[in-house]
Structure formats: structure tokens, C-alpha cells
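Let chain A serve as the given structure and place chain B on it in line with the hints.
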Amino acid sequence: MKTPVMLDVEIEARKKPFWATLMKQKVLLLMSVPFVIHTIIFKYVPIWGWTLAFQSYWPGKSFFEQVWVGFDNFRWLFRDPVFYQVLRNTLAMSIIQLVFGMVSSIILALIINEVRWTFFKKSAQTISYLPHFISWVVAANLVRDALSTDGGIVNEILMKLHIIKEPIMFLGIPELFWWIIGATHVWKEVGWGAIIYLAAIAAVDPNLYEAATIDGAGRLRRIWHITLPSIRPIIVILLVMNMGYLLSSGFEQQYLLQNGRVIDYARVFTIYELDYGIKMMRYSFATAVGIFRSVVSLVLVFGTNYLAKRMGQERLI
Amino acid sequence: MTKEDIILDIVVYISLIFLVIVTLYPFLNTLAVSFNDAMDSGKGGIYLLPRKFTLYNYKSLLGRTQTYHATLVSVLRTVLSTLFCTFSTAMVAYALSRKEFVLRKLFSFIYVLTMYIDGGLIPTYFLMRSLGLTNNFWVYVLPGLVTAFNLIVIRTYIHGLPESLVESARVDGAGDFTIFTRIILPLCKPVLATIALFVAVANWNAWFDTFLYNSSNSKLSTLQYELMKILATANSMTGSLEQAMAQAATGATNTITPRSVRATMTVIVTVPIAVVYPFLQRYFVHGLTLGGIKE
Numbered sequence: 001m002k003t004p005v006m007l008d009v010e011i012e013a014r015k016k017p018f019w020a021t022l023m024k025q026k027v028l029l030l031m032s033v034p035f036v037i038h039t040i041i042f043k044y045v046p047i048w049g050w051t052l053a054f055q056s057y058w059p060g061k062s063f064f065e066q067v068w069v070g071f072d073n074f075r076w077l078f079r080d081p082v083f084y085q086v087l088r089n090t091l092a093m094s095i096i097q098l099v100f101g102m103v104s105s106i107i108l109a110l111i112i113n114e115v116r117w118t119f120f121k122k123s124a125q126t127i128s129y130l131p132h133f134i135s136w137v138v139a140a141n142l143v144r145d146a147l148s149t150d151g152g153i154v155n156e157i158l159m160k161l162h163i164i165k166e167p168i169m170f171l172g173i174p175e176l177f178w179w180i181i182g183a184t185h186v187w188k189e190v191g192w193g194a195i196i197y198l199a200a201i202a203a204v205d206p207n208l209y210e211a212a213t214i215d216g217a218g219r220l221r222r223i224w225h226i227t228l229p230s231i232r233p234i235i236v237i238l239l240v241m242n243m244g245y246l247l248s249s250g251f252e253q254q255y256l257l258q259n260g261r262v263i264d265y266a267r268v269f270t271i272y273e274l275d276y277g278i279k280m281m282r283y284s285f286a287t288a289v290g291i292f293r294s295v296v297s298l299v300l301v302f303g304t305n306y307l308a309k310r311m312g313q314e315r316l317i
Numbered sequence: 001m002t003k004e005d006i007i008l009d010i011v012v013y014i015s016l017i018f019l020v021i022v023t024l025y026p027f028l029n030t031l032a033v034s035f036n037d038a039m040d041s042g043k044g045g046i047y048l049l050p051r052k053f054t055l056y057n058y059k060s061l062l063g064r065t066q067t068y069h070a071t072l073v074s075v076l077r078t079v080l081s082t083l084f085c086t087f088s089t090a091m092v093a094y095a096l097s098r099k100e101f102v103l104r105k106l107f108s109f110i111y112v113l114t115m116y117i118d119g120g121l122i123p124t125y126f127l128m129r130s131l132g133l134t135n136n137f138w139v140y141v142l143p144g145l146v147t148a149f150n151l152i153v154i155r156t157y158i159h160g161l162p163e164s165l166v167e168s169a170r171v172d173g174a175g176d177f178t179i180f181t182r183i184i185l186p187l188c189k190p191v192l193a194t195i196a197l198f199v200a201v202a203n204w205n206a207w208f209d210t211f212l213y214n215s216s217n218s219k220l221s222t223l224q225y226e227l228m229k230i231l232a233t234a235n236s237m238t239g240s241l242e243q244a245m246a247q248a249a250t251g252a253t254n255t256i257t258p259r260s261v262r263a264t265m266t267v268i269v270t271v272p273i274a275v276v277y278p279f280l281q282r283y284f285v286h287g288l289t290l291g292g293i294k295e
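Keeping their order, the protein sequence lines are chains A and B.
Position 150 of the first sequence, counting from 1, maps to 150 under our numbering, and the rest follow consecutively.
Position 23 of the second sequence, counting from 1, maps to 23 under our numbering, and the rest follow consecutively.
Hints in this document: simulated from the structure, not taken from any laboratory.
Be aware that a few hints might be false.
[As the list claims (entries may be wrong)] Here are some, though not all, of the chain A residues that point toward chain B, as calculated from beta-carbon distances under 7 Å:
#1 S32
#2 V36
#3 H38
#4 P46
#5 A140
#6 I195
#7 L198
#8 G277
[As the list claims (entries may be wrong)] A few chain A positions that, by computed beta-carbon distances, are all more than 12 Å from chain B:
#9 E65
#10 R75
#11 F78
#12 R79
#13 Q85
#14 L91
#15 F100
#16 M102
#17 K121
#18 L161
#19 E175
#20 L208
#21 A211
#22 V240
#23 L246
#24 D264
[What the hints assert, rightly or not] Computed beta-carbon distance windows for the label pairs:
#25 B:R51 - A:I157: 17 to 25 Å
#26 A:R261 - B:V22: 21 to 29 Å
#27 B:E4 - A:R261: 45 to 53 Å
#28 A:I157 - B:Y58: 28 to 36 Å
#29 B:G45 - A:T118: 33 to 41 Å
#30 A:L239 - B:Y116: 37 to 45 Å
#31 B:N235 - A:Y209: 48 to 56 Å
#32 A:E166 - B:F18: 45 to 53 Å
#33 A:W76 - B:L187: 51 to 59 Å
#34 B:Y58 - A:E210: 52 to 60 Å
#35 B:F84 - A:I263: 20 to 28 Å
#36 B:R51 - A:I263: 30 to 38 Å
We put the beta carbon where it would ideally sit given N, CA and C, even for glycine.
Next up, chain A with everything else stripped away, as it sits in the complex:
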């Protein structure tokens, strides 16, 4: 406390020993401690499980009977060609999602902002949110149907337009998988992602638009010279913050849309952990994969947070 004069109550409060105060706050303790313990069990105890990665874990043996192998699992991991494939897929899909997701949401926000018929504006927005609320299981079903060779709407339209002669099995082409993930991500999240940009656009000073109109700027030039520069800070900050999640490009989407033919392009970290850990029972190895992902993510998140702060912006999460 920097103020030189302290109130009597404050001095009293400071004098009181910690435990005495704590006893007085029994109710607050009762209200929070059980849940803090709950969090420690469900969020922190798994960190203790990281020890698995340094063992050659054998189910059924106790902790002290396990064979300790040091960093062997990590050595195998970095020698595994599949690991580099997983890293490539995760980064590629994350970047595609990030870039296309942001660009499409910004464009949508600009478009919605130009609509003056309120009913149409509200309805279009409400409809655009719908895919955000459905599960990936449902979304994957819809995507599969739309892309199917057996009367899928995409193939039908392309054939009617004579762009292709035979239906294409889109979900069976490895090179296309990343782009399908990107496109479905945009389809699901574009409307929801636009909300934050719309809020930013709404905060732009209307005087700027008036002044520009007087100077003879049309709507397009006002979008280009006023709206876009005004929302640039939020765009930059969201871009930087989202880079913290490059290693967590999601997994449900990839897992639910993949099949044997495209797995080399679809396998992301969680699928890798599932295949090695749960299916092949190489628990220690899969734990090492998880540790790699967690630690790199942690560094990325803190790094991007630091960057965002340096840019003079508030933390967003």
C-alpha cells in the first residue's frame, strides 16, 4: 500500500493473522474449495501423467515397477516420419482455416453492413449462424452428402455446367482434403466469425463517413478508406491471437471426414495420439506426442499474447 496514511480498519486487517481471517471466511472457502480440488484433479493430475512419456509403460504394473527410459520416446517421435506428416497436416490445415476463415468473415461483415433492409439483414445473419451451433458430426454428414458421387449437389452442379463429365469422389482425393477442411470450416463459421467484425464496424465514428461523403467518396471508397482501416487493429489482433492455436486446428472435423485413402493428409495430432495410444496401446509414445503438442502450443499462446501486448492491444482471452 503506497498511501502514507492508513485507515484504522486497514491496519486492523493487516495485523490479523492469515489463519484468523481464513477462519472467518469459512463460507467462501466452502463455496470454492471443493471446486478447486475438482479442478486440480481433472486438470492438474493429468500433468502428472506426463511421467508416462519417460517410461516404457506397461499397464498393470505399479508406478514404481515401470521401466524408466528417459527421452527415448521423444527420440522415436522425432525419428518417426509420420510425426512430420502430422505436423505438416496440422499446420497446413490451421493456416488454411485461419486465412480463409478470417478473410471470409471480414468480407461477410462488410457485405452485411451495406444492407439497409433490416429484416433481410437480420434474417441473413441468423441463418448464417446456424451451422456454428450444429455439431461436427452433423456437419460432416451434410458435407459428405453434398460431395458424394451418388447424387451429391456439388457433382450435380458441376456436371450440369459441363465442367466435369464424371462425378468426382472429392473426399477420396488426398490432395483435396486440406481444402475441403478449409471450405467446410468457412461454411460452418463464416457467419459467427463476422459478429466480432460487425461489432468493430458499428463502433466506427459516423462523422468519418459523413466527411468522406461530403468529399465525394462513394460507398466502395468509404469501405476501402474508412471501414477497413478502422477495423485493422482488431484484424491484426485476432490474427496474432489465433496463431497461438496453430497446433490445435481441431480434430473432430478431420476425424469425421477422413477415410483410409486420405489419411496421410488428414492425420492431425489427436488422431495420431488416438491411433498410437488407444488403438495400438503405445501409451508412452502417445503421451510424448501429447506433451510435444501441449508444450509447443503453450509457447505459441504465450508468444502471441506477448506480441499482442507489445502492439498495445488488450489481451483478448
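Showing chain B alone in chain A's frame:
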């Protein structure tokens, strides 16, 4: 209206109409297939309306005990998670919002740190197993009881309430728990509605926990997981094979195909959300902006 204005308007309206069509078509198409005769759907050409209308797909799917169980579990987990999660998060948020609470900083730190660390799939799986939460309904409710994000959102809201309300109640002799239930909870209704909705949607949509922890007990299956299994079967088959496997996959008569089972199940799973969200979007959008508030 200048020429530029008119062209811009045309572009704006056409692109939004395009967006609406692209968003809605897959849903409407699935809806049409679900109400169409399964064998007839196989011939293709179903777009927005069923050609041979039937309720058979729904009757056969809803008549199965498996669907009945899964619906029950899905509804139960959503209701229980929403109730428990909202109440306990609010309670912890209240305790951590009291400036005089000596453990406030420590507990807040414990929660905030969980936003950055992640134990990973295998250690979490082992934890659930050793806690006896595999093949157990409570794995749907217990692990996500209080999450850091929800906690911060509610705590930020409580900080925004006038402190004098709490003080005057204390002068009147109310204890912390009374203040929480009688004063804070009623005032927090808007933020609690937002959190409750987020939790409810997340729970209704979850399938991975069923897949990971409860897949060997069909009585604990959820609707999303049932749909996921149907999708997985479809993914591993293609074209004519899909038709041929129809009977094997569904175990029903030849008047139902995997395609129609998939469509019908998709509709059953989506309808609750599609019906509810337009009325609640105000809260959802509210929640999104709340998340933007820094702690």
C-alpha cells in the same frame, strides 16, 4: 442513387442470397431425404422436397430401443451439465469476486492456468479410468463442471454489479451464501443464461467423450455418437457397396438404407438446436462479446 450504389446493392443482395442458399440447402436436402421413401431416395434426384413422402424412416428409427436410450442420455447429460455447471461456476465466481477473500489470488491463478495447459489425451484417459469414470454416465457431467473461461465471464459480470448491494446485505446480517443465492444469482440472470446456453449446446453436440470413455456400453451412448457411428460406417464404404450393406448396417428390412438412416438421424439430432437457437441468439452474441472483456 448513383450507378455505383445500384451495382453495389445488387452484389450485396446476390451474395447474401447465395450465402443463405449454401447454408440452408444441405439441411433442407437432408430433411427431404429423411421424409422420402428410402429405396426411392437411392435413385437420386431428391433436392428440396420429398418425392415419395413417408414417415417410415422416423418410425423405424425412433422405434429402436437404442435411439430411445441415446435420446434419454443426451437429454439427461445436457440438462444435468447445464444445471450443475451454471450453478457451481456462479458460486465459485462469487467467492473469487470477493476482494476480502484471502485465497482469491491463488484460486484465480489455479483456474487461469488451466486455460494454457493441457494434460493431453492419454493422461486424461488414464485419469478417467482410474477414477472409475469409464463406462459411467457421470463422465459426461463431472469433468467440465467449472471451466476457467465460464468462470472469468461470470466473475467479470459480478465485478460490474454495485458493491453496495453486497455491503448493505452484510450489514443486515446476511452471510455469504445468502448473499450469493438471494442477491447475486438473481442479478446475474443474463450472464447465467448465456453460460447455460453455451454449456447446453456443447453437451448436446458432444460425441468424443462417449467415443473415448463409454463406447463399450450401449446404454450410455448419446445421439451424436449414434450418428457418428452411422457416419463412420458410411465413410468406410462407397457407392453401390453402401446400398448392399444396407441391411447389415441397419439390421432392418430392406425399406431403409444407410443414406436415409443417416439423414433421419441427422434431422433428429439437429432439430432441437435449429428450433432453439434463433430465439436465443441474443444471448449467444452477448456471450461472444463478454468473452472479449479482459479479466
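Taking the hints in turn, this is what the structure says about them:
1. S32: Given a least distance of 4 Å, the restraint on S32 of chain A holds.
2. V36: holds, 5 Å
3. H38: holds, 6 Å
4. P46: holds, 2 Å
5. A140: holds, 6 Å
6. I195: Since chain B brings a Cβ to about 6 Å from I195 of chain A, closer than 7 Å, the hint holds.
7. L198: violated, 9 Å
8. G277: Result: holds, 5 Å to nearest chain B Cβ.
9. E65: holds, 16 Å
10. R75: holds, 18 Å
11. F78: Correct as stated: the minimum Cβ-Cβ distance to chain B is 17 Å, above 12 Å.
12. R79: holds, 20 Å
13. Q85: The assertion about Q85 of chain A holds, with a minimum of 18 Å to chain B.
14. L91: Holds: least Cβ distance 18 Å, greater than 12 Å.
15. F100: Check passes; 15 Å lies beyond 12 Å.
16. M102: Given that every Cβ of chain B is farther than 12 Å from that of M102 of chain A, nearest at about 16 Å, it holds.
17. K121: violated, 8 Å
18. L161: holds, 15 Å
19. E175: holds, 19 Å
20. L208: Answer for L208 of chain A: holds, closest chain B Cβ roughly 19 Å.
21. A211: holds, 18 Å
22. V240: Non-interface label stands for V240 of chain A: nearest chain B Cβ at 15 Å, farther than 12 Å.
23. L246: Check passes; 14 Å lies beyond 12 Å.
24. D264: D264 of chain A clear of chain B: closest Cβ-Cβ about 16 Å, beyond 12 Å.
25. B:R51 - A:I157: 17 to 25 Å: holds, 20 Å
26. A:R261 - B:V22: 21 to 29 Å: holds, 26 Å
27. B:E4 - A:R261: 45 to 53 Å: Holds, since E4 of chain B and R261 of chain A (Cβ atoms, about 49 Å apart) stay within the stated range.
28. A:I157 - B:Y58: 28 to 36 Å: holds, 29 Å
29. B:G45 - A:T118: 33 to 41 Å: holds, 38 Å
30. A:L239 - B:Y116: 37 to 45 Å: violated, 20 Å
31. B:N235 - A:Y209: 48 to 56 Å: The hint (48 to 56 Å, Cβ to Cβ) holds, given that N235 of chain B and Y209 of chain A are roughly 50 Å apart.
32. A:E166 - B:F18: 45 to 53 Å: violated, 26 Å
33. A:W76 - B:L187: 51 to 59 Å: Holds, at about 56 Å.
34. B:Y58 - A:E210: 52 to 60 Å: holds, 57 Å
35. B:F84 - A:I263: 20 to 28 Å: violated, 38 Å
36. B:R51 - A:I263: 30 to 38 Å: This hint holds: roughly 37 Å between Cβ atoms.
Going down the numbered hints, you'll see the structure goes against 7, 17, 30, 32, 35, while the others check out.
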